[in-house]
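A.B. asks: Given the structure of chain A, go ahead and fit chain B onto it with the hints provided.
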Amino acid sequence: MGNIVVSPHDKEGQHHMMATPTSNNPNGGSAATAKNKSEITVLLLGAGESGKSTLFKQVQFFHGVGITHDQERIELIEIVRLNVLENAKNLVAATQHLNIPIEQPENRETAKLIINSLNTNDLEDPSWSKRLYSLWKDAGIQKAYENREKFQLYDSTEYLFENLDRICSDKYVPTVVDVIRTRTKTIGITDMKFDVGDGKQLRLVDVGGQRNERRKWIHFFNTVDAVVFLTSLSEFDLNLYEDNGYWRVKESLRVFNEVVNNALFYKVPFVLLFNKRDLFEKKIATKSFSKYFSGFNEAEEKNPVACIEYMTKLFLNEITEHPLDTVSVKTLSAIDHDNSKQVFEEVKQFIMTQQHRE
Amino acid sequence: MSLLSSYETSPNITTGQSICDKRLLELGQLSREGYNATITNNICPDSIFTPIFASGILIFYIVLVCFGVFGVYWKRNSGHVKARHATFMILTIVASFMCVLLTCLRYIVGRKVMPCFLYSISIFITPPAICLPTVLRYVRTFFLYRLNLKKAANVRASKEFYIQKNTELEKEEVKSPTRDVQVDLTFNNEENNKENNELNKAQSEQELNITSNSSVEKSDIDSNSEGLDQAYLDYSESAMFSKSFKILNFILSNKFIVLVYILAFGFHLAVWAIFGGVDEILWNTSGKRIFLWSVSMFQFDTGCVTTTNGVILMVSEAAFYIILEFVFFILLFFVDRDTWSIKIEAIVMIIIQIILAASFLISGQIEVIRFFTDYIVPYGFAALLYPILEILISVILPVIYAIRQDRKSITHEGNQMEILLRNRETFWLILDYARRSYCPENILAYKDIENFKKISKKNRKQVALKIINTYLVHDSPLELNIPNASTRYHEINTFLTGLVDDNVPLDLFDDIKLACLTNMTDIFERLKSSNLEFKQKVESLNKGQ
Numbered sequence: 001m002g003n004i005v006v007s008p009h010d011k012e013g014q015h016h017m018m019a020t021p022t023s024n025n026p027n028g029g030s031a032a033t034a035k036n037k038s039e040i041t042v043l044l045l046g047a048g049e050s051g052k053s054t055l056f057k058q059v060q061f062f063h064g065v066g067i068t069h070d071q072e073r074i075e076l077i078e079i080v081r082l083n084v085l086e087n088a089k090n091l092v093a094a095t096q097h098l099n100i101p102i103e104q105p106e107n108r109e110t111a112k113l114i115i116n117s118l119n120t121n122d123l124e125d126p127s128w129s130k131r132l133y134s135l136w137k138d139a140g141i142q143k144a145y146e147n148r149e150k151f152q153l154y155d156s157t158e159y160l161f162e163n164l165d166r167i168c169s170d171k172y173v174p175t176v177v178d179v180i181r182t183r184t185k186t187i188g189i190t191d192m193k194f195d196v197g198d199g200k201q202l203r204l205v206d207v208g209g210q211r212n213e214r215r216k217w218i219h220f221f222n223t224v225d226a227v228v229f230l231t232s233l234s235e236f237d238l239n240l241y242e243d244n245g246y247w248r249v250k251e252s253l254r255v256f257n258e259v260v261n262n263a264l265f266y267k268v269p270f271v272l273l274f275n276k277r278d279l280f281e282k283k284i285a286t287k288s289f290s291k292y293f294s295g296f297n298e299a300e301e302k303n304p305v306a307c308i309e310y311m312t313k314l315f316l317n318e319i320t321e322h323p324l325d326t327v328s329v330k331t332l333s334a335i336d337h338d339n340s341k342q343v344f345e346e347v348k349q350f351i352m353t354q355q356h357r358e
Numbered sequence: 001m002s003l004l005s006s007y008e009t010s011p012n013i014t015t016g017q018s019i020c021d022k023r024l025l026e027l028g029q030l031s032r033e034g035y036n037a038t039i040t041n042n043i044c045p046d047s048i049f050t051p052i053f054a055s056g057i058l059i060f061y062i063v064l065v066c067f068g069v070f071g072v073y074w075k076r077n078s079g080h081v082k083a084r085h086a087t088f089m090i091l092t093i094v095a096s097f098m099c100v101l102l103t104c105l106r107y108i109v110g111r112k113v114m115p116c117f118l119y120s121i122s123i124f125i126t127p128p129a130i131c132l133p134t135v136l137r138y139v140r141t142f143f144l145y146r147l148n149l150k151k152a153a154n155v156r157a158s159k160e161f162y163i164q165k166n167t168e169l170e171k172e173e174v175k176s177p178t179r180d181v182q183v184d185l186t187f188n189n190e191e192n193n194k195e196n197n198e199l200n201k202a203q204s205e206q207e208l209n210i211t212s213n214s215s216v217e218k219s220d221i222d223s224n225s226e227g228l229d230q231a232y233l234d235y236s237e238s239a240m241f242s243k244s245f246k247i248l249n250f251i252l253s254n255k256f257i258v259l260v261y262i263l264a265f266g267f268h269l270a271v272w273a274i275f276g277g278v279d280e281i282l283w284n285t286s287g288k289r290i291f292l293w294s295v296s297m298f299q300f301d302t303g304c305v306t307t308t309n310g311v312i313l314m315v316s317e318a319a320f321y322i323i324l325e326f327v328f329f330i331l332l333f334f335v336d337r338d339t340w341s342i343k344i345e346a347i348v349m350i351i352i353q354i355i356l357a358a359s360f361l362i363s364g365q366i367e368v369i370r371f372f373t374d375y376i377v378p379y380g381f382a383a384l385l386y387p388i389l390e391i392l393i394s395v396i397l398p399v400i401y402a403i404r405q406d407r408k409s410i411t412h413e414g415n416q417m418e419i420l421l422r423n424r425e426t427f428w429l430i431l432d433y434a435r436r437s438y439c440p441e442n443i444l445a446y447k448d449i450e451n452f453k454k455i456s457k458k459n460r461k462q463v464a465l466k467i468i469n470t471y472l473v474h475d476s477p478l479e480l481n482i483p484n485a486s487t488r489y490h491e492i493n494t495f496l497t498g499l500v501d502d503n504v505p506l507d508l509f510d511d512i513k514l515a516c517l518t519n520m521t522d523i524f525e526r527l528k529s530s531n532l533e534f535k536q537k538v539e540s541l542n543k544g545q
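Listed in order, the protein sequences are those of chains A and B. Quick note: the first sequence uses UniProt numbering, first residue 1, plus one each step. Quick note: the second sequence uses UniProt numbering, first residue 1, plus one each step.
Treat the hints as calculated values from the structure; they're not laboratory data. We treat Cβ as the ideally placed atom computed from N, Cα and C, and that holds for glycine. Be careful, since some hints might not be right.
As the list claims (entries may be wrong) - No farther apart than 25 Å at their CA atoms in a straight line, the calculated lysine to any residue pairs in the SDA-like style are these: (1) 528/B x 64/A; (2) 185/A x 447/B; (3) 457/B x 488/B; (4) 185/A x 511/B; (5) 535/B x 158/A; (6) 288/B x 366/B; (7) 150/A x 243/A; (8) 453/B x 518/B; (9) 535/B x 74/A; (10) 535/B x 82/A; (11) 447/B x 514/B; (12) 185/A x 532/B; (13) 89/A x 200/A; (14) 453/B x 401/B; (15) 185/A x 366/B; (16) 250/A x 306/B.
Unchecked claim - Derived CB-CB ranges, DEER-like: (17) 473/B x 320/A: 46 to 54 Å; (18) 150/A x 474/B: 46 to 54 Å; (19) 514/B x 127/A: 33 to 41 Å; (20) 127/A x 48/B: 32 to 40 Å; (21) 143/A x 347/B: 42 to 50 Å; (22) 473/B x 101/A: 35 to 43 Å; (23) 287/A x 514/B: 29 to 37 Å; (24) 86/B x 150/A: 30 to 38 Å; (25) 403/B x 176/A: 37 to 45 Å; (26) 176/A x 86/B: 49 to 57 Å; (27) 127/A x 403/B: 23 to 31 Å.
As the list claims (entries may be wrong) - If you want the footprint, here are the derived chain A segments under chain B, 3+ residues with CB under 8 Å: (28) 234 to 248; (29) 300 to 313; (30) 332 to 342.
Bound conformation, chain A alone:
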């Protein structure tokens, strides 16, 4: 049996895709019967680390699925701690790469352990909370952190380090916020269904965003009823995870162009979400926005509204085929529960009204 070739293009796959919490619904991927169907399929698309899965988790959470229960979150301890370790590793590696020495000898010792032997089980020991926090506060690490646009680092780094006293304990149960904040690179495609009233079900599809993952999106394109495209506002100073020499904004624009102008989506309501507004506002306070966009007025660069307006124009300029009246643009802070709930509610309303219009 060793050489069964499994291709990601396997059409069969769609019918088996129901392995998510609402998976026992038998009439799974049958969305092709347009008008009065009971299921609305919404795709969450966007480049890597734009926040698709974060929003997906938020939607799960406010529909009472999955991470609402302590028991479900206990399962994720390993993932949270893995995030802590990966953040620590990336920071230590960055100090090497950027030639910034870690200042305190005991922190250098900790760094060595992190690189060589530390594993998630070790983090049960509360002494690691102090050691890792001391490392985090080390001037060298902080300096590397300030230069985080030069390497790959999760957005949750600061949050996780500030919560080490909880995480490094044998009694640790991840909070909902912890789970929302944790980064796990999505691979492949996953979905979830929930009732939206009127006897209708909304099927939300989450996908991986890196280049190789995007080739898989096509499998869902012809069954789609709405597309929610996410892009990160705070990526203006970052390069790609999958290709360290490529500017993320350029990639997002390219992906957006490909998706929004895809013939399959002409009649489909399209939502563009500018995510990570919170991070973005923090970032432009210290970093120059105009440095990255030659067409942007430098005097306005500390004004988030102006910056977002500029970004909006940039993206909307990419739309050449899709009718503009079925495109909606919003900003989002997906780690913020209330904001996510509100924005998603608006998105849902927009999609539903668009559907009714047809």
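C.D. replies: This is chain B only, laid out in the frame that chain A set:
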């Protein structure tokens, strides 16, 4: 020698009958010789417990030996075994097995029957058989340390040199031809060097990590570790010709160990022959025997027992070797690291040796033991305790460390994931789920990389090329979601096509494998939350750990 002057002067030597404890003659059914128990050549009649205990010990010992040999072979690539050297471990087993076999056989077939010459040889040979492995182990550890010190210094120097050279070469794009020549040169060096090299490389890499943390930075990892290899190769090329390296390498080679063993045993056999001759002469002139009770050391048709002199001879031989051990043990203290707990092992072994030699010597002086309890539970077992403990401590334990370490590294690297992927049933569950989620590439790549490590050297290059063409080529259907896949593709491709021989390093894809496992975290969690059967399997696995 004081031995020769201290004759056995027991007043009962001629009568013989009263030398043994009377109770041994009255054991009846519990006596090996039944109701007709007699004393021949001052050998008292054994109780039936002697052969029973001896066979028990022998069986237990054989089991240990089998486990030891199997374990050493199985874990031959583990640091714990490598640091002790598999040849050493096997020779330790062989030497101690000879002692135990001879002694136990004598108790099993009966002291009166076991050919005396075998027994007298075993008296002369037991001490070196017991102590030599330990001495040689210290010698090796010490000289390995010396060699590594030199090598590390060299690597450090040439690494800096290489990095400069490397950047120049990259500019000129003539990198691969130069590399080929060097790789070729080193890999053709003698076999055992390669083994030392590996160990040494690991150690010097560790050292470099401490000073420059070269392998820390992910994006630099490929070029840097290659640089390190290269530097290492550069060094070994020139260093192999230096004299002191040659000597050190000889001391650390298998040839040396085997040579020392042969010389030592030859020497002790010669001593045995000389002492036997002297014994014969004395017997002919004065009618007295030195080491054995009234039987010739060369006798092959009857059994015999040792006199106190025999015991003293063994202990003094042992004392000589223990002193030798001490000398090298002091040298061992200069070895700074004790990564494989060889130092601790050494201390424990010496203490046990001293205690056992002392107790053997003392038991040999106490009449109740020599003429009574020895025939129920032979005090010779005290000497056997050592080979058993030695195998336990210096063969079985390292194998267990190795097993434990390998297990730990599984949980460390891939959490439970690798275990689940190795399990046939869960592997198919994961693969099937991944397929349905459009991401089987990580699992397939993982499997292919694992298989890559198992195939023969000959096909490795071909498979390696296939792996990169399947999983790293941009826009291939199974391209992996890892950073800078195409850069990696070009690096590995250049490396592979530049290889002259089939020496594709087994760890070529280790970082890619790790990336696959990391990628699987997501699919793994999703499967866990959607498939109860899988979740239960994971839980039972966690409990089992």
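A.B. asks: Confirm or reject each hint.
C.D. replies: Here is how each hint holds up against the structure:
no.: 1; hint: 528/B x 64/A; in the structure: holds (18 Å)
no.: 2; hint: 185/A x 447/B; in the structure: holds (21 Å)
no.: 3; hint: 457/B x 488/B; in the structure: holds (22 Å)
no.: 4; hint: 185/A x 511/B; in the structure: holds (17 Å)
no.: 5; hint: 535/B x 158/A; in the structure: violated (32 Å)
no.: 6; hint: 288/B x 366/B; in the structure: holds (22 Å)
no.: 7; hint: 150/A x 243/A; in the structure: holds (13 Å)
no.: 8; hint: 453/B x 518/B; in the structure: holds (20 Å)
no.: 9; hint: 535/B x 74/A; in the structure: holds (13 Å)
no.: 10; hint: 535/B x 82/A; in the structure: holds (19 Å)
no.: 11; hint: 447/B x 514/B; in the structure: holds (12 Å)
no.: 12; hint: 185/A x 532/B; in the structure: holds (23 Å)
no.: 13; hint: 89/A x 200/A; in the structure: violated (46 Å)
no.: 14; hint: 453/B x 401/B; in the structure: holds (23 Å)
no.: 15; hint: 185/A x 366/B; in the structure: violated (75 Å)
no.: 16; hint: 250/A x 306/B; in the structure: violated (92 Å)
no.: 17; hint: 473/B x 320/A: 46 to 54 Å; in the structure: violated (31 Å)
no.: 18; hint: 150/A x 474/B: 46 to 54 Å; in the structure: violated (24 Å)
no.: 19; hint: 514/B x 127/A: 33 to 41 Å; in the structure: violated (27 Å)
no.: 20; hint: 127/A x 48/B: 32 to 40 Å; in the structure: violated (60 Å)
no.: 21; hint: 143/A x 347/B: 42 to 50 Å; in the structure: holds (46 Å)
no.: 22; hint: 473/B x 101/A: 35 to 43 Å; in the structure: holds (39 Å)
no.: 23; hint: 287/A x 514/B: 29 to 37 Å; in the structure: holds (33 Å)
no.: 24; hint: 86/B x 150/A: 30 to 38 Å; in the structure: violated (47 Å)
no.: 25; hint: 403/B x 176/A: 37 to 45 Å; in the structure: holds (41 Å)
no.: 26; hint: 176/A x 86/B: 49 to 57 Å; in the structure: holds (54 Å)
no.: 27; hint: 127/A x 403/B: 23 to 31 Å; in the structure: holds (29 Å)
no.: 28; hint: 234 to 248; in the structure: holds (count 4)
no.: 29; hint: 300 to 313; in the structure: violated (count 0)
no.: 30; hint: 332 to 342; in the structure: violated (count 0)
When held up to the earlier numbered hints, the structure conflicts with 5, 13, 15, 16, 17, 18, 19, 20, 24, 29, 30 and fits the remainder.
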